[in-house]
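In case you want the letters, here they are:
There are 2 protein chains.
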Amino acid sequence: MTYDLWYWPGIPGRGEFVRLALKAGKIPYVDKALDEGADVAADLAVPRDTPPLAPPYLVADGMVIGQAANILLFLGETHGLAPADTAGRLWTHQLQLTIADMVAEAHDVHHPVAVGLYYEDQKPEAARRAEDFRTNRIPKFLNWFERVLAHQGDWLTGDRWTYADLSLFHLVEGLTYAFPERMAAVARDTPKVMALHEAVAALPELQAYLASDRNQDFGEGIFRYYPELDAA
Amino acid sequence: MTYDLWYWPGIPGRGEFVRLALKAGKIPYVDKALDEGADVAADLAVPRDTPPLAPPYLVADGMVIGQAANILLFLGETHGLAPADTAGRLWTHQLQLTIADMVAEAHDVHHPVAVGLYYEDQKPEAARRAEDFRTNRIPKFLNWFERVLAHQGDWLTGDRWTYADLSLFHLVEGLTYAFPERMAAVARDTPKVMALHEAVAALPELQAYLASDRNQDFGEGIFRYYPELDAA
Chain F
1 MTYDLWYWPG IPGRGEFVRL ALKAGKIPYV DKALDEGADV AADLAVPRDT
51 PPLAPPYLVA DGMVIGQAAN ILLFLGETHG LAPADTAGRL WTHQLQLTIA
101 DMVAEAHDVH HPVAVGLYYE DQKPEAARRA EDFRTNRIPK FLNWFERVLA
151 HQGDWLTGDR WTYADLSLFH LVEGLTYAFP ERMAAVARDT PKVMALHEAV
201 AALPELQAYL ASDRNQDFGE GIFRYYPELD AA
Chain S
1 MTYDLWYWPG IPGRGEFVRL ALKAGKIPYV DKALDEGADV AADLAVPRDT
51 PPLAPPYLVA DGMVIGQAAN ILLFLGETHG LAPADTAGRL WTHQLQLTIA
101 DMVAEAHDVH HPVAVGLYYE DQKPEAARRA EDFRTNRIPK FLNWFERVLA
151 HQGDWLTGDR WTYADLSLFH LVEGLTYAFP ERMAAVARDT PKVMALHEAV
201 AALPELQAYL ASDRNQDFGE GIFRYYPELD AA
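Chains F and S are the protein sequences, given in the same order.
At position 91 of the first sequence (counting the first as 1) the number is 91 in the UniProt record's numbering, and the numbers step up by one without a gap.
At position 99 of the second sequence (counting the first as 1) the number is 99 in the UniProt record's numbering, and the numbers step up by one without a gap.
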């Protein structure tokens with residue numbers, strides 16, 4: 001059976017964390033909007049017993065699974081993309097939820113007032129939030145991942161990559177796109193995180209996808225590059 | 001065996017979502033800071049293979065489980081506080097992650113610039129964010145829960161309460177504390193959500209806890225009452 005992934009076309013967004021797991025796990029799926037031009041907003045409005053609040057959601061085995069971290073929990077359990085034991089499964093999910101927290105904060109840097117307003121309508125607020133994000137939040141999160149890797153080894157769960165390593169790769173990609181100057185400075189203090197980023201980028205399972213035009217540009221999604229929000 | 005819950009004393013905070021599940025599930029635990037005066041910051045700094053980034057975390061069966069939603073996933077599976085089948089388990093977790101998203105937004109209303117600054121240092125930004133939260137975000141989330149209950153029945157997963165119902169109860173408690181005028185208006189459009197709130201408040205399993213002084217005031221936690229941020 002094939003899974004259906006529903007996510008807004010045009011940006012990697014939160015859908016990308018799911019896509020990377022599907023691609024690296026060699027799991028067949030249809031990306032409904034990208035592959036078939038399906039209307040995400042219309043599908044989201046369909047009455048269901050378990051409606052998702054927002055994309056991404058995965059239609060799998062008759063289930064409609066929403067929330068990126070929840071989809072990854074399912075894929076991890078079903079396709080061996082995370083340890084199978086309780087401790088390892090929960091640890092991987094804890095990592096993912098912490099990544100999700102940082103993703104939300106990275107978005108709110110350019111939208112600190114309202115997701116429904118343009119960045120141009122909240123630039124002074126964004127400038128203040130960006131300074132705090134660069135100075136305090138990026139080091140807080142990435143130093144924590146560095147500390148984890150000091151205990152765990154090459155991957156966040158020790159022996160082999162999981163969906164959380166793929167997501168940390170994409171998080172570092174996004175942060176580096178949005179805050180190139182700041183990330184150049186932070187990278188010097190987080191060599192293990194940067195080595196993990198390189199290791200995921202080199203995974204044989206991902207080469208075809210990363211080199212393809214299916215690997216979408218960041219554009220105006222979660223991670224955005226506004227030079228005035230970056231600084232070393 | 002007894003679980004150890006680690007969370008900052010003095011506010012319900014994100015620890016409360018875990019406490020409600022432990023109490024309603026009649027699961028023995030030690031609230032390390034509240035019961036024993038333990039130093040949360042010192043424990044958080046202890047080197048571990050699986051360090052939490054922040055409280056709450058639960059020490060259980062040799063595991064250190066961080067992230068409130070992840071702790072609830074564990075408690076749900078281990079103590080029957082969620083459906084046991086895959087579809088029901090993932091649906092309950094999806095609900096919880098959506099509650100967590102709204103909790104984070106409710107916090108950022110009074111801290112739109114930086115969690116490390118005082119509210120008094122970000123009041124103009126908070127005023128703008130509060131207007132959007134009241135007008136757009138509260139209805140978006142609560143109308144979604146209303147829609148869910150229209151399909152599911154009295155509880156978010158149908159037949160009986162789960163940890164997600166307990167969390168939605170606390171979310172409504174917090175929102176009503178922080179935005180009393182706005183919630184009075186929204187309540188008229190979300191009668192099923194309000195009925196669920198009343199049903200959880202009436203659960204026999206929670207009466208002793210809710211009436212005790214262990215049920216902490218909101219104070220300066222996630223949910224804060226600043227009259228200037230509220231309006232109908």
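For the record, the hints were derived by calculation from the structure and aren't laboratory data.
The model shown is predicted, which means the values in this text are computed figures rather than measured ones.
Some clues are possibly wrong.
To be verified - If you anchor each label on the Cβ, the simulated ranges turn out as follows:
id : chain 1 : residue 1 : chain 2 : residue 2 : range
1  : F       : Leu210    : S       : Asp213    : 52 to 62 Å
2  : S       : Pro124    : F       : Asp230    : 21 to 31 Å
3  : F       : Asp121    : S       : Pro227    : 39 to 49 Å
What the hints assert, rightly or not - Below, simulated SDA-like cross-link-like pairs (lysine to any residue); rule was C-alpha separation at most 20 Å, straight line:
id : chain 1 : residue 1 : chain 2 : residue 2
4  : F       : Lys192    : F       : Trp144
5  : F       : Lys123    : S       : Ala45
6  : S       : Lys140    : F       : Arg188
7  : F       : Lys123    : F       : Trp144
8  : F       : Lys192    : S       : Asp43
9  : F       : Lys140    : S       : Asp43
10 : F       : Lys123    : S       : Pro47
11 : F       : Lys140    : S       : Ala45
12 : S       : Lys123    : F       : Asp132
13 : S       : Lys140    : F       : Asp132
14 : F       : Lys140    : S       : Arg214
15 : S       : Lys123    : F       : Lys192
16 : F       : Lys192    : S       : Val115
17 : S       : Lys32     : S       : Arg214
18 : F       : Lys140    : F       : Arg188
19 : S       : Lys140    : S       : Arg128
20 : S       : Lys140    : F       : Pro47
21 : S       : Lys140    : F       : Val115
22 : S       : Lys123    : F       : Arg188
Ideal Cβ positions, reconstructed from N, Cα and C, are used throughout, including at glycine.
Results of checking the hints against the structure:
no.: 1; hint: F:Leu210 - S:Asp213: 52 to 62 Å; verdict: 56 Å, holds
no.: 2; hint: S:Pro124 - F:Asp230: 21 to 31 Å; verdict: 24 Å, holds
no.: 3; hint: F:Asp121 - S:Pro227: 39 to 49 Å; verdict: 26 Å, violated
no.: 4; hint: F:Lys192 - F:Trp144; verdict: 11 Å, holds
no.: 5; hint: F:Lys123 - S:Ala45; verdict: 36 Å, violated
no.: 6; hint: S:Lys140 - F:Arg188; verdict: 42 Å, violated
no.: 7; hint: F:Lys123 - F:Trp144; verdict: 29 Å, violated
no.: 8; hint: F:Lys192 - S:Asp43; verdict: 24 Å, violated
no.: 9; hint: F:Lys140 - S:Asp43; verdict: 17 Å, holds
no.: 10; hint: F:Lys123 - S:Pro47; verdict: 40 Å, violated
no.: 11; hint: F:Lys140 - S:Ala45; verdict: 13 Å, holds
no.: 12; hint: S:Lys123 - F:Asp132; verdict: 16 Å, holds
no.: 13; hint: S:Lys140 - F:Asp132; verdict: 28 Å, violated
no.: 14; hint: F:Lys140 - S:Arg214; verdict: 31 Å, violated
no.: 15; hint: S:Lys123 - F:Lys192; verdict: 39 Å, violated
no.: 16; hint: F:Lys192 - S:Val115; verdict: 27 Å, violated
no.: 17; hint: S:Lys32 - S:Arg214; verdict: 13 Å, holds
no.: 18; hint: F:Lys140 - F:Arg188; verdict: 14 Å, holds
no.: 19; hint: S:Lys140 - S:Arg128; verdict: 18 Å, holds
no.: 20; hint: S:Lys140 - F:Pro47; verdict: 16 Å, holds
no.: 21; hint: S:Lys140 - F:Val115; verdict: 12 Å, holds
no.: 22; hint: S:Lys123 - F:Arg188; verdict: 35 Å, violated
The structure fails hints 3, 5, 6, 7, 8, 10, 13, 14, 15, 16, 22 (numbered hints given earlier, in ascending order).
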